[in-house]
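**Q** On the provided structure of chain A, position chain B as indicated by the hints.
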Amino acid sequence: MLKCREIPDLASDYISRDGSKRTNLQVALHLLACSNCRTYVRGMRIATRLASTSLQNDVPGDLYEKLGLNAPDRDGPAEEPTR
Amino acid sequence: MPNAAEERSGRLRRPPGWGGEACDRPARCASLACCLGGADDGAVNTVVLDGGRRSGHNTDWWGFAEGFRRGLPDADLSSAVQLGAGGAGVATAYAALSFGLQRLIGFDREGGRAQALARLLSPLFPNGQVAAGTDLAAEMKRTAGHIHTTPTGMVKYPGLPLDAELLSPEHCRYRLFPLETMLLKEARQRGCRKARRRRHGSVSGSRRLSAVCRSRTGCGTDARAFQGDGRLITDNGSLIKRAQGASSNRVTETFSPTVRRSALTQVSLAFLPRRPSNGSINEHEGQRAVVMGLSFWLSAAAFAIKFSIDEHFLGLLRKGDQKAMSELIARHHGALVRLAESVVKNRAVAEEVAQETWLAVMANLASFEGRSTLSTWIISILLNKAKNHAKRESRYAAFGDGDDPERDLGQTMRNRFDGSGHWSEAPVSFDGLTPERIVAGRHLWEHVRQMIDRLPPAQKAVLVMRDVEGADAAETCRLLELTPENQRTLLHRARTRIRNEIETQLTGGRSALTKA
Numbered sequence: 001m002l003k004c005r006e007i008p009d010l011a012s013d014y015i016s017r018d019g020s021k022r023t024n025l026q027v028a029l030h031l032l033a034c035s036n037c038r039t040y041v042r043g044m045r046i047a048t049r050l051a052s053t054s055l056q057n058d059v060p061g062d063l064y065e066k067l068g069l070n071a072p073d074r075d076g077p078a079e080e081p082t083r
Numbered sequence: 001m002p003n004a005a006e007e008r009s010g011r012l013r014r015p016p017g018w019g020g021e022a023c024d025r026p027a028r029c030a031s032l033a034c035c036l037g038g039a040d041d042g043a044v045n046t047v048v049l050d051g052g053r054r055s056g057h058n059t060d061w062w063g064f065a066e067g068f069r070r071g072l073p074d075a076d077l078s079s080a081v082q083l084g085a086g087g088a089g090v091a092t093a094y095a096a097l098s099f100g101l102q103r104l105i106g107f108d109r110e111g112g113r114a115q116a117l118a119r120l121l122s123p124l125f126p127n128g129q130v131a132a133g134t135d136l137a138a139e140m141k142r143t144a145g146h147i148h149t150t151p152t153g154m155v156k157y158p159g160l161p162l163d164a165e166l167l168s169p170e171h172c173r174y175r176l177f178p179l180e181t182m183l184l185k186e187a188r189q190r191g192c193r194k195a196r197r198r199r200h201g202s203v204s205g206s207r208r209l210s211a212v213c214r215s216r217t218g219c220g221t222d223a224r225a226f227q228g229d230g231r232l233i234t235d236n237g238s239l240i241k242r243a244q245g246a247s248s249n250r251v252t253e254t255f256s257p258t259v260r261r262s263a264l265t266q267v268s269l270a271f272l273p274r275r276p277s278n279g280s281i282n283e284h285e286g287q288r289a290v291v292m293g294l295s296f297w298l299s300a301a302a303f304a305i306k307f308s309i310d311e312h313f314l315g316l317l318r319k320g321d322q323k324a325m326s327e328l329i330a331r332h333h334g335a336l337v338r339l340a341e342s343v344v345k346n347r348a349v350a351e352e353v354a355q356e357t358w359l360a361v362m363a364n365l366a367s368f369e370g371r372s373t374l375s376t377w378i379i380s381i382l383l384n385k386a387k388n389h390a391k392r393e394s395r396y397a398a399f400g401d402g403d404d405p406e407r408d409l410g411q412t413m414r415n416r417f418d419g420s421g422h423w424s425e426a427p428v429s430f431d432g433l434t435p436e437r438i439v440a441g442r443h444l445w446e447h448v449r450q451m452i453d454r455l456p457p458a459q460k461a462v463l464v465m466r467d468v469e470g471a472d473a474a475e476t477c478r479l480l481e482l483t484p485e486n487q488r489t490l491l492h493r494a495r496t497r498i499r500n501e502i503e504t505q506l507t508g509g510r511s512a513l514t515k516a
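In order, the protein sequences belong to chains A and B.
Every letter in the first sequence is one number past the one before it in full-length UniProt numbering, and letter 62, counting from 1, is 62.
Every letter in the second sequence is one number past the one before it in full-length UniProt numbering, and letter 314, counting from 1, is 314.
Only chain A is shown next, with the shape it has when bound in the complex (with noise of 0.2 Å):
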């Protein structure tokens, strides 16, 4: 069984799938047994998925101008994440 102090190192790889099928069920497992590293873990996504929609529509005001574009209509992140 993991230790929780273990779990920070191993939420990117579990989030994304990225580390081996036995790293993931250990994850899991421990992910059901404690609730702050649930915490831990739903936070990394959330923290990910906030990372994606802060760069939406980044774009210096006379980009489109000098592509010969019109800018669309919005001002901010285009869409904001889902739980």
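None of these hints come from the bench; they were simulated from the model.
Just so it is clear, the structure is predicted and the values come from calculations on it, not from any experiment.
The beta carbon of each residue, even a glycine, is placed where N, CA and C say it ideally should be.
Be careful, since some hints might not be right.
Each computed DMTMM-like pair below joins lysine to aspartate or glutamate, with the alpha-carbon atoms no more than 20 Å apart [claimed, not checked]:
1) B:K323 - A:D13
2) B:K460 - A:E65
3) A:K21 - B:D472
4) A:K66 - B:E356
5) B:K460 - A:D9
6) A:K66 - B:E352
7) B:K323 - A:D58
8) A:K66 - B:E481
9) B:K345 - B:E481
10) A:K3 - A:D13
11) A:K66 - B:E351
12) B:K387 - B:E369
13) B:K460 - B:D472
14) A:K3 - B:E425
15) B:K387 - B:E475
16) A:K21 - B:E485
17) B:K460 - B:E425
18) B:K391 - B:E352
19) A:K66 - B:E327
20) B:K345 - A:D13
21) A:K3 - B:D418
22) B:K391 - B:E481
23) B:K460 - A:D18
24) B:K460 - A:D58
25) B:K345 - B:E393
26) B:K323 - A:D9
Here's a subset of chain A near chain B, in silico, CB distances under 10 Å, partners left out [claimed, not checked]:
27) D18
28) A28
29) N36
**A** Same frame as chain A, but now just chain B:
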């Protein structure tokens, strides 16, 4: 193979509440010895337990016959060579003779099996001729068809079961084992017609279910197979999805909700659970099967819709739709600038590179063939331009992780746990957090954008590729020229850093992070 037979008979007695098992190579023939009732053709792939009595059934021949009937309806049935005379070979020979093959010549590497096949089947088919062959080359020239039932060509047994020169386009062939073998490839290149095993698994599997169902309820419940699409529908109406990529010969995977598979080496075992004593179809398992089926079709529909939208969007871009192009730029420009910056190490230059990239994309969209995703194609253009730029200014350096003060991050994380390895303070929950949340006077997304900008170049590039552009690990490694291990480490550090910084923002710097 008496040991296998004994092993199997021992296992059959063990699990209470199970109604039968599926047998696979090499135990098909061996299983016959365990059964009181034998299959018509002398080999067994399904053993049904009923009241302490075992009866053997062979559903392979039926699946094979159906596959042949549908795949090669006008095949020349005058004569055929069959390679392999084991359990599967008996089934295929029985099926071929059943639907009118006049002459079958068997060959098998194990001496005596082809003769045994002839002895077994000759009395059953007085109008046909079954014989053991001695000269494969000569028989291949004389006969019209070729049936392949050996495992040669499977991953464990690579190669061809016969000299490729012996294959001629006139041969119609049927193979029983893997989905793609060297033999099939060679035959296709030489223009041979062939019937594939595509339908064999589902048809044979349905027969297996049917055999067990009849035994369990005595009501003659049958199962029908829908060809080719992997779905099976039983008479009670429950839809059962077959796992994609599952071995078609394993009824366990075909009926995954209701059947389990043991991990016995060499022999694939499946124990079908007995039905409830009231004789009704197991409703709970039926419902689970329906849910699995529904979720499969919903996922497939979602994928189809996404694919359709992407195609539509690409079509608009190719037509020069300005709105679509603006949308594309809004989606990707921020990520492209960060990627370029991690190569050229300068924001203003990165903006220039991104702008050049968009010009190149607009000029070459018509030549985009769709062999990669659109975003991958755009990123490839950007990285090439960024690298050329950096090389021109002698600033180019391959991504590494030497620029990351990992020790600080590691220490920060270690401080969050007590001596027993548990959290000394619970992590802050991000539930309900949206990019629009105002934190410290600004939107959260503005903070996160700055956090990404502060990441070391390699971490930033990997984070952008994986989490912003949605590239997979292999694609990220290829485009950024990283090893898989390095990529994983960089992504882990970047994500941990972003998560920790968001947590610090939310707690106003009062969290355990500040203990570092």
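**Q** Taking each numbered hint in turn, which are not upheld by the structure, reported in ascending numerical order?
**A** 1, 2, 8, 12, 17, 20, 26 and 28
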